[in-house]
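Asker: Residue strings, one per chain:
Number of protein chains: 4
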Amino acid sequence: MLAAKSTVKIGELATGQPLTVPIYCFKGACSSAPSLYLQANVHGAEVQGNAVIFQLLKLLEQCQILGDITLVPLANPLAINQKSGEFTLGRFDPITGNNWNRDYVNCTPDLSDWYAKHQELDDSLLITQYRQQLLNRCQQQLTSEWGITSGQRQALTLQSIAFHADVVLDLHTGPKSCKHLYCPEYAQAKVSLFNIGCTLLMPNEFAGAMDEAMFYPWWQLTKVAASHGRELPVAVEAYTLELGSQELIDLVDAKQDALAILAYLSDKGIIADAFKPAQMPRYACLLQDYKKFHAPIAGMVEYLAPLGKPLTAQQPLVNILRLDRYGTDEELQTLALQQDCIPVLHFASASVYQGTELYKVMTNYVEIPR
Amino acid sequence: MLAAKSTVKIGELATGQPLTVPIYCFKGACSSAPSLYLQANVHGAEVQGNAVIFQLLKLLEQCQILGDITLVPLANPLAINQKSGEFTLGRFDPITGNNWNRDYVNCTPDLSDWYAKHQELDDSLLITQYRQQLLNRCQQQLTSEWGITSGQRQALTLQSIAFHADVVLDLHTGPKSCKHLYCPEYAQAKVSLFNIGCTLLMPNEFAGAMDEAMFYPWWQLTKVAASHGRELPVAVEAYTLELGSQELIDLVDAKQDALAILAYLSDKGIIADAFKPAQMPRYACLLQDYKKFHAPIAGMVEYLAPLGKPLTAQQPLVNILRLDRYGTDEELQTLALQQDCIPVLHFASASVYQGTELYKVMTNYVEIPR
Amino acid sequence: MLAAKSTVKIGELATGQPLTVPIYCFKGACSSAPSLYLQANVHGAEVQGNAVIFQLLKLLEQCQILGDITLVPLANPLAINQKSGEFTLGRFDPITGNNWNRDYVNCTPDLSDWYAKHQELDDSLLITQYRQQLLNRCQQQLTSEWGITSGQRQALTLQSIAFHADVVLDLHTGPKSCKHLYCPEYAQAKVSLFNIGCTLLMPNEFAGAMDEAMFYPWWQLTKVAASHGRELPVAVEAYTLELGSQELIDLVDAKQDALAILAYLSDKGIIADAFKPAQMPRYACLLQDYKKFHAPIAGMVEYLAPLGKPLTAQQPLVNILRLDRYGTDEELQTLALQQDCIPVLHFASASVYQGTELYKVMTNYVEIPR
Amino acid sequence: MLAAKSTVKIGELATGQPLTVPIYCFKGACSSAPSLYLQANVHGAEVQGNAVIFQLLKLLEQCQILGDITLVPLANPLAINQKSGEFTLGRFDPITGNNWNRDYVNCTPDLSDWYAKHQELDDSLLITQYRQQLLNRCQQQLTSEWGITSGQRQALTLQSIAFHADVVLDLHTGPKSCKHLYCPEYAQAKVSLFNIGCTLLMPNEFAGAMDEAMFYPWWQLTKVAASHGRELPVAVEAYTLELGSQELIDLVDAKQDALAILAYLSDKGIIADAFKPAQMPRYACLLQDYKKFHAPIAGMVEYLAPLGKPLTAQQPLVNILRLDRYGTDEELQTLALQQDCIPVLHFASASVYQGTELYKVMTNYVEIPR
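Protein chains in written order, with our numbering: chain A, 287 to 656; chain B, 287 to 656; chain C, 287 to 656; chain D, 287 to 656.
In short, the hints are calculated from the structure, not lab data. A hint or two may mislead.
Copies of the same chain look alike in the list, so a pair counts if it works inside one copy or between any two.
Claimed, not checked - Cross-link-like lysine to any residue pairs, in silico, SDA-like; alpha carbons within 25 angstroms at most:
(1) Lys578 to Phe492
(2) Lys295 to Ile413
(3) Lys462 to Leu479
(4) Lys403 to Gly594
(5) Lys577 to Leu590
(6) Lys344 to Leu518
(7) Lys541 to Asp615
(8) Lys578 to Gly494
(9) Lys595 to Asp539
(10) Lys462 to Phe579
(11) Lys462 to Gly494
(12) Lys577 to Arg388
(13) Lys295 to Leu573
(14) Lys313 to Ser446
(15) Lys541 to Thr614
(16) Lys295 to Leu618
(17) Lys541 to Thr620
(18) Lys541 to Glu616
(19) Lys476 to Leu618
(20) Lys595 to Val538
(21) Lys476 to Ala599
Work out the full structure, taking the sequences as your base and the hints as a guide.
Answerer: Right, here's the structure in full:
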């Protein structure tokens, strides 16, 4: 069965044209099954998530769907259509420089107050009321007297749809990157359900990303309940999946990722069909151990360290070529790190200023038992 | 007497060329007089501060200088040289989108610990040691094992010079703007020393700007001392002066601003010459009452409200022209605010997306007694 | 009577949304009256033409319209919506760098061949057939096997509408500019019909601009006819009107320009109402005498020469401030030209590289008798 | 022996810093041997030529050098340092949109006049005087009263060095590209000296590129001499080598390309050492048969056709994914060409507007006999 299409308006261009996003929905057969919200391409150059959604659509047409499924490709038309030379300049708002994935709004209410008023509700009602509260706060922001930024309007509009779901997946890519997963610490047992080799475990903090905007209010609620002696599981799971490199559409790889997402949906009971995650090595580290290595000197860069595999200390990371220094010790320098790591992504360009982020690497990582 | 010139390196371009900034110093005649650090053009398009420094140099050559004076024009060569079409794209790092004036680092130590160890020192020594502590932390950041971003390297290099001064002035401009001043609340008595009509009073918070990086550690020290019953004045004053509009060099206006800065230096005892601030209306509000008005709809914008003057509620702020809506009520809409304000700046372009920041206005403002 | 609205699709964004342009038409009462095509905002930042179209719409609603009138505002949505920082980066295609007003296509057929085949037709039929030929060639390009660029698709789509008209006006602005007119040499007698102080007289050459794409084929036809001893007036007039500075909407000034355009339409018999051009000084020079002055040195620029008025040789044009050269002869340099001129426009930014175009000036200009 | 280093200034940044380019020279042992000028990285993102120069420097240190060799890496510092997001926006001047490799100047004199005055000279003297004439015209342009653009200053400064050489190589890359060569038609016998699979044969036309600026005046001279019955070989050879993809430094591949260039230098007698070109298939077509295929529709693009290999008509070129059209025939479209070709390069981004250049392909190509 085909998914049903609708469209949501998330803004307006200077010429008056609406900025719209397509939304595809499968209605679940079972009202008690959890629901899914999945979006892609909030950063303009990170297009592969659209291909994954395409493959998911094709596969889900053949599945037995239990929970409601909402798929939102091309989620940021302003960013996707913003070219600068031959590349898509879609990581930040071209006017303000704001990262599009830092514009989501923390809708958590004052929980000491809210919990006090609602603590007598049973878990199910508590969750329903809390969800409504999040939606209300979303709506208030959208209609603020002073207006909101273009980025916030887009973010809040997507949030107001996603808040209805029990599982939220946000599909991104790195610049040049292996696949990796941002997972809240409370959900780390789920890591082995994804066919993704590298996982960053996120603390209970809010920094403006979609996944945080989704899990933070619920994790806070769980914490407050716990402080009152009540064991309330975190009701919503939210992840960011970084599915390889930007500026790339690969339909074959997209099918693999779609199948892997089905394995997760299968485990969650969102679909009735049985898909299994792969047997593969999986590594994880805390977000605080996910380190950025900045170019200590400028120059032309040859990226040497392969992505997604352990690299021991002192193994070469990059060569930096300095043709202005030919004939000196500085004409070609090989840089390495002082500690073991797993390189996860590197910068997209082969020429860097001093200070440009060359690599992001996992340190103090562990292998997750299969 | 001419100022002495030196040069500081703040980064490296991809081609290897150093990013350098010129520094001009006048040595003060009196070692007990306070010292000044003044920089300009950290945002690439905000060039007028350079003209003000030029006029200051010419005027100071004729003055009797008591305290050390350090003038740093063209402080962000990467941003100043970053063109995009006919304009300077210098508000944020072109790679990361980071606002160049949010890259400064909070060098405040753990004060409960630090103060406990140094509280027996007299005020003068306490200040000397604390300043050294700030410089040390600055230096540690600059030599971090993982490197630092291009923006942080520039910011920390400038900070490490500015930390030596007792007064720090950071010259900026708005997009299309009247002159306005960012002043920390503790220094609000000084507002009438500047020939600037509009003042925003800043709380004791750190958000990455130069002025905050300068005053925040000292204001914190004062607060901690107060909590131990010691009355320690805030040792450093720091202000951001927004001297009109970007992309404009006006040497005549620059001379007026240079003379006005001399009035402040005169009052502080940094120069012996007597310059007096002007008699003029001055308005101030709290930073939290400095509001951004975002475009509720997209379109072509005619900016109607004049800058720097009180505007009563319901007076027109902008016309928004929508030629896609000719023949409807929406072809031309006049927008107004529901409360009295002073418009301080407006957006630089005449076409806006929905959500673009149209105006920044002071609300709940007061007139400062002359 | 309101103009009738339609919409034309000129391209597609990466997300699939059509790029559309609104078109407003007044049907003329007299089939023999000449027709008008007028467009605005092909360069993204040059928005004032939209305001002029708005005022024209309002005025034409009250006029007695003889010839068909087609008004096309917001003609380049991709460019208008392309922001880079606080400005509109709309002068060239962000991917290729191609100036949007150099993408029009020369649809002139091989005239030696075509004229030989059609020379026996009377003037009216000759013109009709030639117009059809231009439209056919336009259409062939649009459906080329190898495709065409985004810019060409937009240009050819607009051309295919404009080719139907007898008069074509393309509304632009300069960066910081006085009003000026591009007029083909054959139409120079019409210069005093426009309320524009400065006119550039264009030769019979094609360089990709809309006005050239419109008049060049007809001027060529007239030339070929003349070479066969036939006096055929140039059947189409086309002008580019540069109505002041970019990034500015001014509805009052727009009304003045709309009234002035009505004076021209009145003279042409496109409207029955009588509007008269203003008495004012008007200057003209040949396009080859319209000179660009490039910055001989880099620096911060104070633009001194007023626009639209004669400037005698040696009068100051700009100050160039070089704060890296403080204390030398090069700290502040005043530049002037060696000959009399009328400065027409200057660069939009106040900081320039060596070689940036500082001013465009008319040389060897004449005053047009009133 | 190390090459000797010097530096040339090609412009000035707005902050006053000179734009400089390093120049490395090996002095040839034999004054009658031809000389070489080789430059790289005129387009900012096309960095691999620097790596080739690095490897050439290392190899040439060990060679017996007969003719003078001038190597110019990092030839366009303004472009190389121009970032926009994570990529280098270095294909065109950020202010004007002018392609940096279209700013070279045709220095050919009026040859009917010049040849008449110099025809009695023998070939060697004729060439010497003509070269001087080119240098003079270069110099005149550089000191023009009205100034020249930033791009022209850079181009003319490099030209004024390159005009001294008998062989000029300009190292570029495509976006995503196989290696290919631009070769003037008169030099097509030399194609098999380069280890490059695809060659475009250029006619005797000038369109602003470095190679054209070098060979065009000499080819014209040869043509004029021929029209006077004199057989004068074209004295200068100039080629553009496109060495793979942009934003990539690969030192191993660079060494292969350096060795291949040595094979050419060996053949020309610029070095005494014997290096041989590889046995490999080589294809060529006329420049007019090198076709651009523009996206007939917008969307997300999967590039399917491999680069550098023959592709028969109707084989898939790209998939275009349209998630706004899910559930229709347009959701996924495979595009192909109607004729055989060799795809040489494709667009760098995976999302395109309608009209974006998707592929450049050789048609009507021939295999060059080994």
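Asker: Would you mind marking each hint as holding or not holding in the structure?
Answerer: Okay, the hints, checked on the actual structure:
In this assembly of identical chains, the alpha carbons of Lys578 and Phe492 lie at most 25 angstroms apart whether taken from the same copy (20 angstroms) or from different copies (23 angstroms). Proximity of Lys295 to Ile413 under the C-alpha cut-off of 25 angstroms is found in neither arrangement, the shortest distances being 28 angstroms within a copy and 48 angstroms between copies. In this assembly of identical chains, the alpha carbons of Lys462 and Leu479 lie at most 25 angstroms apart only when taken from the same copy (24 angstroms versus 35 angstroms across copies). Proximity of Lys403 and Gly594 under a CA criterion of 25 angstroms is satisfied in neither setting, with 48 angstroms inside one chain copy and 46 angstroms between copies.
In this assembly of identical chains, the alpha carbons of Lys577 and Leu590 lie at most 25 angstroms apart only when taken from the same copy (18 angstroms versus 36 angstroms across copies). Taking the shortest Cα distances, Lys344 and Leu518 never come within 25 angstroms of each other, neither inside one copy (36 angstroms) nor across copies (64 angstroms). For the identical chains of this complex, Lys541 and Asp615 are inter-copy neighbours only, at 20 angstroms across copies versus 48 angstroms inside a copy, given an alpha-carbon limit of 25 angstroms. Taking the closest pair of Cα atoms, Lys578 and Gly494 come within 25 angstroms of each other both inside a single copy (19 angstroms) and across two copies (20 angstroms).
Taking the shortest alpha-carbon separations for Lys595 and Asp539, both the intra-copy value of 19 angstroms and the inter-copy value of 24 angstroms come in at or below 25 angstroms. With identical chains, the CA atoms of Lys462 and Phe579 are at most 25 angstroms apart within one copy only, with a shortest distance of 15 angstroms there and 27 angstroms across copies. For the homomeric pair Lys462 and Gly494, the shortest alpha-carbon distance inside one copy (23 angstroms) is at most 25 angstroms, but the shortest distance between copies (29 angstroms) is not. With identical chains, the CA atoms of Lys577 and Arg388 are at most 25 angstroms apart both within one copy (19 angstroms) and between copies (21 angstroms).
Within a single copy, Lys295 and Leu573 get their C-alpha atoms no closer than 34 angstroms, and across copies no closer than 33 angstroms, so neither meets the 25 angstroms cut-off. Taking CA atoms no more than 25 angstroms apart as the test, Lys313 paired with Ser446 passes inside one copy only; the shortest distance there is 18 angstroms, against 47 angstroms between copies. Within a single copy, Lys541 and Thr614 get their C-alpha atoms only as close as 50 angstroms, which misses the 25 angstroms cut-off; across copies the closest is 20 angstroms, which meets it. For the identical chains of this complex, Lys295 and Leu618 are inter-copy neighbours only, at 22 angstroms across copies versus 52 angstroms inside a copy, given an alpha-carbon limit of 25 angstroms.
Taking the shortest Cα distances, Lys541 and Thr620 sit within 25 angstroms of each other only across copies (17 angstroms), while inside one copy they are farther apart (38 angstroms). With identical chains, the CA atoms of Lys541 and Glu616 are at most 25 angstroms apart between copies only, with a shortest distance of 19 angstroms across copies and 46 angstroms within one. Within a single copy, Lys476 and Leu618 get their C-alpha atoms no closer than 44 angstroms, and across copies no closer than 33 angstroms, so neither meets the 25 angstroms cut-off. Within a single copy, Lys595 and Val538 get their C-alpha atoms as close as 22 angstroms, and across copies as close as 22 angstroms, so both meet the 25 angstroms cut-off.
In the homo-oligomer, the alpha carbons of Lys476 and Ala599 never lie at most 25 angstroms apart, since the shortest distance is 30 angstroms inside one protomer and 48 angstroms across protomers.
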